[in-house]
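Novice: Make a model of the complete structure from these sequences and hints.
Protein chains in written order, with the working numbering: chain A, 1 to 101; chain B, 1 to 84; chain C, 1 to 178.
Keep in mind that a hint or two might mislead.
Unchecked claim - The list that follows gives simulated cross-link-like pairs (lysine-lysine, DSS-like), each with its CA atoms no further than 25 angstroms apart:
| id | chain 1 | residue 1 | chain 2 | residue 2 |
| --- | --- | --- | --- | --- |
| 1 | C | Lys175 | C | Lys129 |
| 2 | C | Lys138 | C | Lys158 |
| 3 | C | Lys158 | C | Lys175 |
| 4 | C | Lys175 | C | Lys125 |
| 5 | C | Lys4 | B | Lys53 |
| 6 | B | Lys79 | C | Lys22 |
| 7 | B | Lys79 | C | Lys129 |
| 8 | C | Lys129 | C | Lys158 |
| 9 | C | Lys22 | C | Lys158 |
| 10 | B | Lys53 | A | Lys64 |
| 11 | C | Lys127 | C | Lys158 |
| 12 | B | Lys79 | C | Lys127 |
| 13 | B | Lys79 | C | Lys125 |
It should be emphasised that the hints constitute simulated quantities derived from the structure, not laboratory data. Just so you know, these numbers come straight off a predicted model, no measurement behind them.
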Amino acid sequence: MREVISNIIIIISLIFILTGVFGLYRFRNFYSRIAIASYIDTAGYLLLMLGVIVRSGVTWFSAKVILITVIVVLINPVVTHSIARSAYHGGYRIENEGSHD
Amino acid sequence: MIEVASYLITVLIAITAIRIIIGPTVWDRLLGFNIVLSKILMLIVLFSMIFDKTYLLDIAITYALIGFVSTLFIARFLKDRGRI
Amino acid sequence: MIEKIFYVILIIFAFFSVQTPKLRRSVVYLAVFSAVSAFTYILMGAPDAALAEAVIGSTIATVIYLAALNKYRVFMVYLTDEKRERHQEEHISRRKESILLAIENFCILRELEPQIIYTVDSVDKIKEKPGWDLIVSKNSGNYVLHGREQNYHVMALKEEWEGKQRKQVEFIIEKEHE
Numbered sequence: 001m002r003e004v005i006s007n008i009i010i011i012i013s014l015i016f017i018l019t020g021v022f023g024l025y026r027f028r029n030f031y032s033r034i035a036i037a038s039y040i041d042t043a044g045y046l047l048l049m050l051g052v053i054v055r056s057g058v059t060w061f062s063a064k065v066i067l068i069t070v071i072v073v074l075i076n077p078v079v080t081h082s083i084a085r086s087a088y089h090g091g092y093r094i095e096n097e098g099s100h101d
Numbered sequence: 001m002i003e004v005a006s007y008l009i010t011v012l013i014a015i016t017a018i019r020i021i022i023g024p025t026v027w028d029r030l031l032g033f034n035i036v037l038s039k040i041l042m043l044i045v046l047f048s049m050i051f052d053k054t055y056l057l058d059i060a061i062t063y064a065l066i067g068f069v070s071t072l073f074i075a076r077f078l079k080d081r082g083r084i
Numbered sequence: 001m002i003e004k005i006f007y008v009i010l011i012i013f014a015f016f017s018v019q020t021p022k023l024r025r026s027v028v029y030l031a032v033f034s035a036v037s038a039f040t041y042i043l044m045g046a047p048d049a050a051l052a053e054a055v056i057g058s059t060i061a062t063v064i065y066l067a068a069l070n071k072y073r074v075f076m077v078y079l080t081d082e083k084r085e086r087h088q089e090e091h092i093s094r095r096k097e098s099i100l101l102a103i104e105n106f107c108i109l110r111e112l113e114p115q116i117i118y119t120v121d122s123v124d125k126i127k128e129k130p131g132w133d134l135i136v137s138k139n140s141g142n143y144v145l146h147g148r149e150q151n152y153h154v155m156a157l158k159e160e161w162e163g164k165q166r167k168q169v170e171f172i173i174e175k176e177h178e
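Specialist: Right, dumping it as structure tokens:
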């Protein structure tokens with residue numbers, strides 16, 4: 001029973017991760033790419049770890065996985081923000097802010 | 001299912017590597033590097049589940065705690081025009 | 001099977017990190033190389049080596065490379081196009097502007113590290129920021145290059161290109177304020 005639930009969660013997370021990598025090639029703008037890829041990557045990571053925890057049960061293994069997940073959820077947005085900030089303050093603009101299309 | 005997931009993530013790392021190589025600007029390369037890092041972190045957790053070796057997770061903790069430093073330094077290097 | 005894919009990725013990144021002409025690209029490639037090789041050590045059954053590689057190769061080596069690149073002077077080139085609303089992605093990836101290739105060749109000869117930034121800001125707005133070396137703006141097919149007099153690399157570029165009688169290139173040099 002636990003294995004079936006964890007398999008379903010892992011399949012959903014794989015769909016998320018696949019969509020994130022597809023978004024790296026789909027968009028023509030760097031800022032869209034970084035937004036989409038980082039959001040979906042973090043969501044897929046959370047779901048995958050949830051699937052692993054459900055499969056493993058209440059053990060020391062799950063405790064370590066929870067620790068890794070907390071670290072990644074704290075650090076991943078910081079890194080993405082610093083990349084986008086470096087591009088913006090470095091002067092990389094490929095589109096005027098007034099034009100929306 | 002876990003084996004299938006590890007195969008799929010390996011293929012996705014190979015696909016992301018293409019973005020690192022063709023990426024028009026250096027920031028695209030950094031984004032690809034960040035994504036490859038998080039994918040490798042997933043793979044380490046999956047492999048420690050497959051092999052049933054808990055000590056592989058210690059490597060994953062070190063990887064998560066220290067892997068982001070290089071990305072942060074390269075981003076600051078590019079922003080401040082050569083000064084770290 | 002998984003090991004073989006990772007071996008191919010490792011070879012590709014080792015090749016590109018040696019072959020690329022730009023050093024900052026090479027630093028990113030080497031960071032990816034050591035991150036992937038740390039995982040390959042786990043597949044080979046050496047977790048202790050993987051731990052050392054993750055700490056030393058992926059983090060400390062990158063910081064040391066950047067500190068070494070610090071000694072290498074960075075040459076900031078802004079490419080602006082005030083007429084156009086946006087830069088197309090194809091223009092950026094295919095390097096359609098032939099003047100950029102000439103500038104990169106000049107930088108490689110003089111041991112400078114060119115950093116080319118695409119922007120749509122006007123020339124005056126870029127000049128307010130500190131730390132620009134050369135601004136290339138397009139004016140209906142002609143290129144206008146803005147530089148400062150105290151920057152001797154820009155003056156050397158001007159001398160070299162005026163000797164070659166390059167067409168469609170115009171230099172505007174700012175005098176230093178007393």
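Novice: Next step is simple, just say for each hint if it's right about the structure.
Specialist: Cross-check of the supplied hints:
no., hint, in the structure
1, Lys175(C) - Lys129(C), "holds (18 angstroms)"
2, Lys138(C) - Lys158(C), "holds (17 angstroms)"
3, Lys158(C) - Lys175(C), "holds (15 angstroms)"
4, Lys175(C) - Lys125(C), "holds (18 angstroms)"
5, Lys4(C) - Lys53(B), "holds (22 angstroms)"
6, Lys79(B) - Lys22(C), "holds (17 angstroms)"
7, Lys79(B) - Lys129(C), "holds (12 angstroms)"
8, Lys129(C) - Lys158(C), "holds (23 angstroms)"
9, Lys22(C) - Lys158(C), "holds (23 angstroms)"
10, Lys53(B) - Lys64(A), "holds (12 angstroms)"
11, Lys127(C) - Lys158(C), "holds (19 angstroms)"
12, Lys79(B) - Lys127(C), "holds (17 angstroms)"
13, Lys79(B) - Lys125(C), "holds (18 angstroms)"
Violated hints for the displayed structure: none, as all numbered hints are satisfied.
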